[in-house]
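Chemist: So you can see what is in the structure, the chains are spelled out below.
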Amino acid sequence: MKHLLFAAGTLLATQAVAETPVLTVYTYDSFVSDWGPGPAVEEAFEKTCGCDLQFVAAGDGAALLSRLRLEGARTKADVVLGLDTNLSAAARETGLFAPHGKSPVVDVPNPFGEAGAWPDETFLPYDWGYFAFVYDKTKLSEVPGSLEELAASDVSIVIQDPRSSTPGLGLLLWIKAVHGDKAEQVWADLADNIVTVTPGWSEAYGLFLEGEADMVLSYTTSPAYHRIAEEDDSKAAAMFPAHYMQIEVAGKVAASDQPELADAFLDFMLSDAFQQVIPTTNWMYPAVMPEGGLPAGFDAPLGTDHALLFAPDEVAATRETALGEWLRALSR
Amino acid sequence: MAARAVPLKPVNAFAWIAVAFVAAAIFVPLAAVFVRADTMVKVLTSDWSALRFTIWQAILSAVFSVGLAIPVARALARRAFPGRGILITLLGAPFILPVIVAVLGLLAVFGRGGLVNQVLGWAGIEPVSIYGLHGVVLAHVFFNLPLATRIILQGWQAIPGERFRLAANLGMSPGQVARVLEWPMLRAVVPGALMVVFAICLSSFAVALTLGGGPRATTVELAIYQAFTFDFDLGRAALLAVVQLVIAGVAAALALWAAVPTGFGAGMDRIVRRWEAESAVLRAGDAVWIGLAALFLLVPLAMIFLNGLKGLAQVPGMVWTATGTSVVIALITTVLVLVLALSLATARRGWAEIVALSGIAVSPLVIGTGLFIMVNPWINPAHLALPVTALVNTLMALPFAMRVIAPEVARIEADYGRLADALGLRGWARMRWLVLPRLRNSLGFSAGLTAALSMGDLGVVALFADPDFATLPLQMYRLMGAYRMEAAAGAGLILLVFSLALFYLFDRGGRGDVDA
Numbered sequence: 000m001k002h003l004l005f006a007a008g009t010l011l012a013t014q015a016v017a018e019t020p021v022l023t024v025y026t027y028d029s030f031v032s033d034w035g036p037g038p039a040v041e042e043a044f045e046k047t048c049g050c051d052l053q054f055v056a057a058g059d060g061a062a063l064l065s066r067l068r069l070e071g072a073r074t075k076a077d078v079v080l081g082l083d084t085n086l087s088a089a090a091r092e093t094g095l096f097a098p099h100g101k102s103p104v105v106d107v108p109n110p111f112g113e114a115g116a117w118p119d120e121t122f123l124p125y126d127w128g129y130f131a132f133v134y135d136k137t138k139l140s141e142v143p144g145s146l147e148e149l150a151a152s153d154v155s156i157v158i159q160d161p162r163s164s165t166p167g168l169g170l171l172l173w174i175k176a177v178h179g180d181k182a183e184q185v186w187a188d189l190a191d192n193i194v195t196v197t198p199g200w201s202e203a204y205g206l207f208l209e210g211e212a213d214m215v216l217s218y219t220t221s222p223a224y225h226r227i228a229e230e231d232d233s234k235a236a237a238m239f240p241a242h243y244m245q246i247e248v249a250g251k252v253a254a255s256d257q258p259e260l261a262d263a264f265l266d267f268m269l270s271d272a273f274q275q276v277i278p279t280t281n282w283m284y285p286a287v288m289p290e291g292g293l294p295a296g297f298d299a300p301l302g303t304d305h306a307l308l309f310a311p312d313e314v315a316a317t318r319e320t321a322l323g324e325w326l327r328a329l330s331r
Numbered sequence: 000m001a002a003r004a005v006p007l008k009p010v011n012a013f014a015w016i017a018v019a020f021v022a023a024a025i026f027v028p029l030a031a032v033f034v035r036a037d038t039m040v041k042v043l044t045s046d047w048s049a050l051r052f053t054i055w056q057a058i059l060s061a062v063f064s065v066g067l068a069i070p071v072a073r074a075l076a077r078r079a080f081p082g083r084g085i086l087i088t089l090l091g092a093p094f095i096l097p098v099i100v101a102v103l104g105l106l107a108v109f110g111r112g113g114l115v116n117q118v119l120g121w122a123g124i125e126p127v128s129i130y131g132l133h134g135v136v137l138a139h140v141f142f143n144l145p146l147a148t149r150i151i152l153q154g155w156q157a158i159p160g161e162r163f164r165l166a167a168n169l170g171m172s173p174g175q176v177a178r179v180l181e182w183p184m185l186r187a188v189v190p191g192a193l194m195v196v197f198a199i200c201l202s203s204f205a206v207a208l209t210l211g212g213g214p215r216a217t218t219v220e221l222a223i224y225q226a227f228t229f230d231f232d233l234g235r236a237a238l239l240a241v242v243q244l245v246i247a248g249v250a251a252a253l254a255l256w257a258a259v260p261t262g263f264g265a266g267m268d269r270i271v272r273r274w275e276a277e278s279a280v281l282r283a284g285d286a287v288w289i290g291l292a293a294l295f296l297l298v299p300l301a302m303i304f305l306n307g308l309k310g311l312a313q314v315p316g317m318v319w320t321a322t323g324t325s326v327v328i329a330l331i332t333t334v335l336v337l338v339l340a341l342s343l344a345t346a347r348r349g350w351a352e353i354v355a356l357s358g359i360a361v362s363p364l365v366i367g368t369g370l371f372i373m374v375n376p377w378i379n380p381a382h383l384a385l386p387v388t389a390l391v392n393t394l395m396a397l398p399f400a401m402r403v404i405a406p407e408v409a410r411i412e413a414d415y416g417r418l419a420d421a422l423g424l425r426g427w428a429r430m431r432w433l434v435l436p437r438l439r440n441s442l443g444f445s446a447g448l449t450a451a452l453s454m455g456d457l458g459v460v461a462l463f464a465d466p467d468f469a470t471l472p473l474q475m476y477r478l479m480g481a482y483r484m485e486a487a488a489g490a491g492l493i494l495l496v497f498s499l500a501l502f503y504l505f506d507r508g509g510r511g512d513v514d515a
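As they're listed, the protein sequences go chains A and B.
Numbering that gives the first Met the number 0 numbers the first residue of the first sequence as 0 and each following residue consecutively.
Numbering that gives the first Met the number 0 numbers the first residue of the second sequence as 0 and each following residue consecutively.
Hints may be right or wrong, so weigh each one.
[To be verified] Covered stretches of chain A, as calculated for chain B (at least 3 residues, CB under 8 Å):
(1) 27-35
(2) 38-52
(3) 115-125
(4) 154-163
(5) 183-195
Hints in this document: simulated from the structure, not taken from any laboratory.
Each residue gets a CB set at the ideal place from its N, CA and C atoms; glycine is no exception.
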């Protein structure tokens, strides 16, 4: 009974604000949490748009895309924020997204084209980072300097499963990008370093902080979290010759009933008001460097010559091959 | 179930409604996923190795959990000591913990830097690794030993005290009591306990992967997750869910076939004293079993408690809101489960139990997806977050309640059914005067188990996410996802305390033996 009353109340409340247009943005869980960028982004955008910005959280990036596919053209989303370049080709193929029609200048290392250009006509980047192995400086003294050195060492690592986690998929593509046909051998060499493979990032990072392994697969920006939020300078990311990138993107839904608001949101996304929130809430690099630069405690990003990335349309085929190699090498 | 000794009576309407409801809630969403799948259903070779590993680890986990539960339950059944009631409640805690909380607790004891390896280090012994098949089984025993112990303990308590008194009068030795009284009870109870633990471990995902050490420890549930999220192959996800169901169904049928119903006859429902087991050796043996079980289960809990205390101050307000949401869902789930379990148990048919059992074995992800596909064209799924979560939790918890309640109903009917028939006790009056009073223990335990399970379950909320609706486990995972590991440990402690409190309130309310 209570729920009927509650439902009725919600319905009335919704009708009362029906004049204010609603912009619905689908995103992943950690974006909307109190510690994520969500609250600040919502407040800043609602000041200017004369609208009600509503975030809908749907698990992680991969689950987000699945939800969108389930809903198809009936989706209530106007904007989807939280896919990455490993998912964007599959997302584009659904035909659910409209071209953004913008040509922004971005501060994202671009291994394919000229610096600052953004070639994707469907998705726009809002932040990015490098995958890296994070360790505790007070506990690990001999830090490996490359994937081969790591594989040859007896340093223990926790990684994520590429079948259920985006960082896990990142490492799979990283090793494939560096070692190509020899990737399977590298995985076989790494097998004795791997303490365990977790379903997601949270479990792996939790195990690492509990001291279950010397290193964990995370991001080069992870130590900044400990430095800034916890005033703890003990964590560092191991620097390798090249690191695989994750570029997080957003796109406009073609069936949106608020296309102008969706456009306005994408513009806002690349503005300072949005971008300056990113480093200390999403713990990633901003796609467009805000005025004032990175906060203290954040290392400057590595340059383009250290960046690895498969083009979105190569990911699917590469992933399939690499996943087979990974399974074979680690199941021995 | 297990009512072969008594002529079958027609199944009442409540049981039919309950069976239809549960079957519809499981199979309609599953069918919806199949219908929505637009590709040919194919199964990968990696799925077969996942299936082999899944079944193998589930068998090992069931055998070890139940094998160890028998001596522990026997020790608890025949010993009275101060704090026994509290201990029995606390022993139930691992079962209701969210996976990641329990895993971190286990690692604090058995992990690389855990207590065990520290002690081994002082003794100059090489550290042991928890990662591998043995780690998966260890974790599953940690989760399920308490459940198995409670199910078997109920079996012991169901043997009327008069039988033990008679055995003592006849001068039976402990061995003879075991053969005449305890063995037949175990024949009736153990197959069901094995089946439940097997079915739970069948859908293991995070435990198996995290402690399994790599892709060798891939379970079917992970394959379902992969099929759904990264491959978006709905047909394969649904097919794998059906495979899980079929295996659990076969296990359930085997267990029902193997379980021989007991016929101890009616007793005076008195507290049991065990004259034959009062020798010092048996006392010491029981003390060791209780001590070991308590150590194994309580030390990781203590670590969770200590780690959680540190993070408690950092827990943000939204965690408390989520706690309220989770408690409401837990209470709704409990009412639903008790009504359904009672209705199904009074049918006393094997198939009713198999339908109920499907709930543990079916993938919540697939059920959630099916429900989403069904409601999405009509209603905004976010508006249904609460009822859907309660429904899925009900399906997951119902099998446990059934396992506890059904054998009791069968026993009551076997012992008192004819008397009640002779007195013309039927319908509600029979329920009110015969069944419910004797089910007090089982109802309390089932309610406690359901409420606590529901508190700790992630359910399907991700698909039905509503900005203003989040359960406590979901908020805990969000904290972890935002690097807030200490605050997450604090939220884990809140979850542990609330789950245990709900479990204790219901269970205590039903238990007559706590003061024994």
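Chemist: Next, verify each hint and record whether it holds.
Modeler: Right, here's what the structure says about each hint:
1. 27-35: holds (count 7)
2. 38-52: Check failed, 0 qualifying residues.
3. 115-125: Violated: only 0 residues of the region 115-125 of chain A have a Cβ under 8 Å from chain B.
4. 154-163: The restraint on the region 154-163 of chain A holds, since 4 of its residues have a Cβ under 8 Å from chain B and three suffice.
5. 183-195: Answer holds; 4 residues pass the 8 Å Cβ test.
The structure does not agree with the numbered hints 2 and 3 stated previously, though it agrees with the rest.
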